[in-house]
Amino acid sequence: MSEYAQAQNRERQQRLERVWGNLPGWGALAAVNHTTVGLRFIATGLMFFLVGGLLAMLIRTQLALPGQDIIESGLYNQLFTMHGTVMMFLFAIPVLEGLAMYLIPKMIGTRDLVFPRLSALGYFCYVFGGLIVLSSLVLEVAPDAGWFMYTPLSSATYSPGPGSDFWLLGITFVEISAISAGIELVVSILRTRAPGMSLNKMPIFCWYILAMALMIVFGFPPLILGSVLLELERAAGFVFFETAGGGDPLLWQHLFWLFGHPEVYIIFLPAAGIVSTLIPVFARHPLVGYRWIVLSIITMGFISFGLWVHHMFTVGIPHLAQAFFSVASMLVAIPTGIQIFSWLATLWQGKVVFHLPMLWIIGFLVVFVCGGLTGVMLALAPFNWQVHDTHFVVAHMHYVLVGGMLFPLVAGLYYWLPHVSGRMPSDSLGRWGFWLFFGGFNLTFLLMHLTGLLGMPRRIYTYEAGLGWDWLNLVSSVGGFIMAIGVAVIVVDIVLHFRFGKRAEQNPWGADTLEWAIPMPVNTFNFSSLPSVDTRHPMWHTPRLVESIAAGEHGLADVQALRRDIYGSDATTGKLQEVVHLPTNSWLPLMTASALAALCVSLLMKAYLLAAVFTIVALGLVLRWGWENGAHPRAAPTDHNEAGAPPLHSRTFSGPGLWGMVVGLMADGTFYASLMFGWFYLWTAAPEWTVPAHDSVTLLPMILSGLVLTVAVIAYCHLVKGLRRGFAAHLGARLWLIAALGVGHWVLLAGQLVSAPLAPTERAHDAVLVVILLYLLLHSGLAVIFTSLQAVRARLGYTAVQLPYEPVVIQPFWLYTLGVYWVSFVAFVLLSNAWSVG
Amino acid sequence: MFGWFTAVLVGVIALWLFAIKRSPGKASAAHLRKVQKRWIIWGGLALPVSTITVVLAFGLPLGQRMLPQSSPEGGELRIEVTAHQWWWEVNYPDSGISLRNELHIPAGRPVNLHLTSADVIHSFWVPRLGGKLDAIPGHTNILRLHADEAGTYRGQCAEFCGRDHAHMGFTVTAHEPSDYQQWVGQEVSDE
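Protein chains in written order, with this note's numbering: chain C, 1 to 838; chain U, 1001 to 1191.
Hints may contain errors.
If you anchor each label on the Cβ, the simulated ranges turn out as follows [claimed, not checked]:
no., chain 1, residue 1, chain 2, residue 2, range
1, C, 777, U, 1006, 51 to 61 angstroms
2, C, 465, U, 1014, 39 to 49 angstroms
3, C, 58, U, 1089, 53 to 63 angstroms
4, U, 1171, C, 74, 36 to 46 angstroms
5, U, 1089, C, 298, 26 to 36 angstroms
If you only want the chain C side, here are some residues facing chain U, beta carbon under 8 angstroms, derived [said to hold, decoys possible]:
no., residue
6, 249
7, 344
8, 397
9, 455
10, 463
11, 466
12, 684
13, 687
14, 688
15, 689
16, 691
17, 694
Calculated from the structure, these hints are not laboratory results.
Backbone N, C-alpha and C define an ideal beta-carbon position, used for all residues, glycine too.
Just chain U, same shape as in the assembly:
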């Protein structure tokens, strides 16, 4: 996408500069009209229409796949995240674990985050794990998170939420499935 768009940008600018430098020469009025129409139809209509079509053909199905759907075998992990000014409350309804500003998830398995807010609008975002979704008071939005590899990922509130918006970060730790079970066991026994 970036490559093609850069090509369009450079192409249009080059054409403009050439058009400014070029001296028009003599041509019949009918010929001129034909040339004009060609510019508008090919450049003004065909170029954007084809670009949009291609972008949409790739983009729309991709968007569809990124949405949380219940997979046939089930088994998504459910985590409830409530945003506060300026911290994240994390609850695991299955195991009763609660955390603050950190999430632990199994790698290689889809996780559904149920996002809401206790005060103003926030937005949950882990740049390396995918898109962001707003946490809105009174609403619950479901974000599908999927970490392919174990590791620690940085996350941050992305919707401006007041004084300490800049400091509303959190971490997501993705464990290998076996480590994850171990972590759950330890947390439950700690409580």
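Excised from the complex, chain C in its bound form:
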């Protein structure tokens, strides 16, 4: 390259940096860039890990000797509840999400995730939610009913303090962040891969993350529903889980584990993805059995939703059901086995170079296989009856979670450190850290299996001497402290490496994936030009990519109209489809998350008027957010595009927004399905279920309201169909008309809610009906607001026949609203009324 060309290239890169960079100083809080947000997630998650670890140390101190009184029972219960909560919700999931957010765009050869502001919102929701949950510990009112919050222990009668509210509200808040990350990762992986990267050329890590993200979308809503219902029961006296009035405490357990079991795999899959990424690199051999592994990832995802009941083997469920869930639970061993032996075969055929991350991978294997085997034992009901809720389960769970998540995570952290810092970690300190941690871990938990078999239940703050548990507990505590020293060594190692680490050369491990084509330490726009990909191992087949990308020889090399641009591609073939223009730095995520945090705190203080105010503020901010989107001139200033380049996504019919909407509705639909499950569950299984003698809801207005909604949705679909054909006369007026129909429907329905003789604080039946009516009102209300805004945008010219993007995005929401309305009409209203008449 001539000197002139080099100068040109530098200027080009500076232009990219100006458009993609974060704002200086405090402006960094407005950052939406996936690299920044991902690293923030990881760093914050590691902080919470240290907090959770500290709690564990306190627990082990109390249990070290029998009959100790260092920590009294009340505080101990807060400690173990918070240990579980912090580690699961504030460490494991967010850290892995952060890692995925950081890596995915880099691995699929693009510049950012597809909804950057959503990433930032997710981060702030996570931090604020986490701080709210942690603050309860400082205020000495931390939740103390165990991390799975079984009712009635967690209900208002038996946990009158605010502890459970902190948990329910704070964790729900954190879950918003998980779901937003889930949606974003799914759409990014499916729609913004490098041109030519078909699904079967995708790095294996992306498959794992795709599965994880989809599992979050389907796995979290049941718990969100459970939390909403329990909070309604605690705060407003609605009946859902209380036996008197027709609730059932077991419903909570079903909802919790419907989430809780997939969650284990949500944590395990990305970690296994790290293993599948690292092993081929260090074995210098492509991953053996790529297709087998993809298949087992998918199988695992499906099976994991079918075995939640194995957490409930001792609640007295029928034997046939136990047998079914036993078998289902054991089946997980098959996809796990396939992965373990694929990794083995890869190592077998490759020539392994041994570095620090490999040590952690071996640690993972030993610990995880052990945990998996005790898992198979636990899946067997008679064995489970014996060791359920004992320290055997505690040991098993730590083997699976620490083995299946923490070991691969640390391997991954060491592996990707040079990518972030441009420096190599130290080998010797790292080995010390590993051996201390590994030794301490096994000392703590291997013997704990025996403690459990000898009959020590979990969650007891003290125990008598002479039951054979004394020395075992002492050894476990000593092991725990050795493990803590190991963590300290690793932290020191990582901190020191930022200053003293050896400079890393490009692609220091000799990896095959695209993230190593980025200059180190990482910049804000990843690739200064976007390459096409036609192989699973781009860096092995075309090492020159590093230079050609930097020289701007590939796509979207220069900034257009000061926009952040990436490529959008076909979901399966990876064929180039459109140019997606992304929003830039924005304060709206921080403001929205702050409003939501204020809402959360006002609910905690039971200041409901204030809560209503903040709800409106948050809604306003979200609408403001949506305003500068799509074809708004601030989002896409001009049509002007590189000659011959594909169209801007805001000029097409199937941009990422539509995909985001559909995936979002999947989560919403799961929430609804869980509510329906709860309804039928209570109907059939609650010991004191009662149906009122009179009709709960009047049929005629319900039918009328539904018909008005149907007309509105038909009109909307007609309008979108017209847009697709290039016909858009009276667009604004028609949108107003549809919104007006929606309002008519809403008013009729709201009238029902007000006038119906429902007693939600007395009967679970009525409580569920109130929730379902509110759910329907929320949806049609939002649909009306969206459509009204579209009408305004049509007048301003942001929505038009050549700019059809946004009405297409809203269409599925209308259809969904219509669908749940009629399903609810049949499953809730008709069923209930038929019963009361008959």
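Given the structure of chain C, go ahead and fit chain U onto it with the hints provided.
Using the frame of chain C, we list chain U on its own:
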């Protein structure tokens, strides 16, 4: 079960370490593919499937036998246990005896415990006499208890139930059948 599982654990780890140490040597691509497939099919499919089958073949019938069924000759003793925060209420409906935190049962004869709770969820567990079962408000679960030998057995609440969960213990005393009758007689006359 523990023996076989330990063997699997040690075997897998040993194979991994050997695979890391081993140098691959030269082999044709076709041969390599065959070796790969063999690993996945034998290790990834056959091993877990056979293990699961064996475990289930033993485990499922065992689980079936441990459930409370009315035996043909009848004669199970019925005891009603209601859990409270943080103590156990024990009632013998046949003889009208009530006890607190202790059970007395005849050895060698099946006993059906009807478990429920007056407040939160608890779990009834005597480690040496078998599995545990939850006591849930609004539900009644039946646990079959069978002590082969006379003696005193320690029991404890196994489901976390609040402040004094750690202190919610109880004892089960199994008597020889004749002693048991004597004990019942004495309790009834005391009341």
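Against the structure, the hints:
For residue 777/C and residue 1006/U, the hinted distance range of 51 to 61 angstroms is satisfied, since their beta carbons lie about 58 angstroms from each other. Our hint of 39 to 49 angstroms for residue 465/C and residue 1014/U holds, since their Cβ atoms are close to 40 angstroms apart. Look at residue 58/C against residue 1089/U: about 34 angstroms separates their beta carbons, and that is not inside 53 to 63 angstroms. Checked against the hint of 36 to 46 angstroms, the pair residue 1171/U and residue 74/C fails, with Cβ atoms roughly 27 angstroms apart.
At about 50 angstroms, the CB distance of residue 1089/U to residue 298/C disagrees with the hint of 26 to 36 angstroms. For residue 249/C, the interface hint holds, the least distance from its beta-carbon to any beta-carbon of chain U being 6 angstroms, beneath 8 angstroms. With a least beta-carbon distance of about 6 angstroms to chain U, the hint placing residue 344/C at the interface is held under the 8 angstroms criterion. Hint on residue 397/C is violated. Least Cβ distance to chain U is approximately 15 angstroms, over the 8 angstroms limit.
Residue-level restraint check for residue 455/C holds (minimum Cβ-Cβ distance to chain U is 4 angstroms; threshold 8 angstroms). With a cut of 8 angstroms, the hint placing residue 463/C at the interface with chain U holds, because the nearest CB-to-CB distance is about 7 angstroms. Against a cut-off of 8 angstroms between C-beta atoms, the interface hint on residue 466/C is violated, since the closest Cβ of chain U lies about 11 angstroms away. Taking 8 angstroms as the C-beta contact cut-off toward chain U, the hint placing residue 684/C at the interface is violated, the least distance being around 14 angstroms.
Interface restraint check: residue 687/C against chain U, minimum CB-CB distance 4 angstroms, threshold 8 angstroms, status holds. Taking 8 angstroms as the C-beta contact cut-off toward chain U, the hint placing residue 688/C at the interface holds, the least distance being around 7 angstroms. For residue 689/C, the shortest C-beta to C-beta distance to chain U is roughly 10 angstroms, which exceeds 8 angstroms, and the interface hint is violated. At about 17 angstroms, the closest approach between the beta carbon of residue 691/C and any beta carbon in chain U exceeds 8 angstroms, and the interface hint on this residue is violated.
Checking residue 694/C against chain U by beta carbon gives a least distance of about 25 angstroms; that is not within 8 angstroms, so the hint is violated.
In this structure, the earlier hints numbered 3, 4, 5, 8, 11, 12, 15, 16 and 17 are contradicted, and the remaining ones agree with it.
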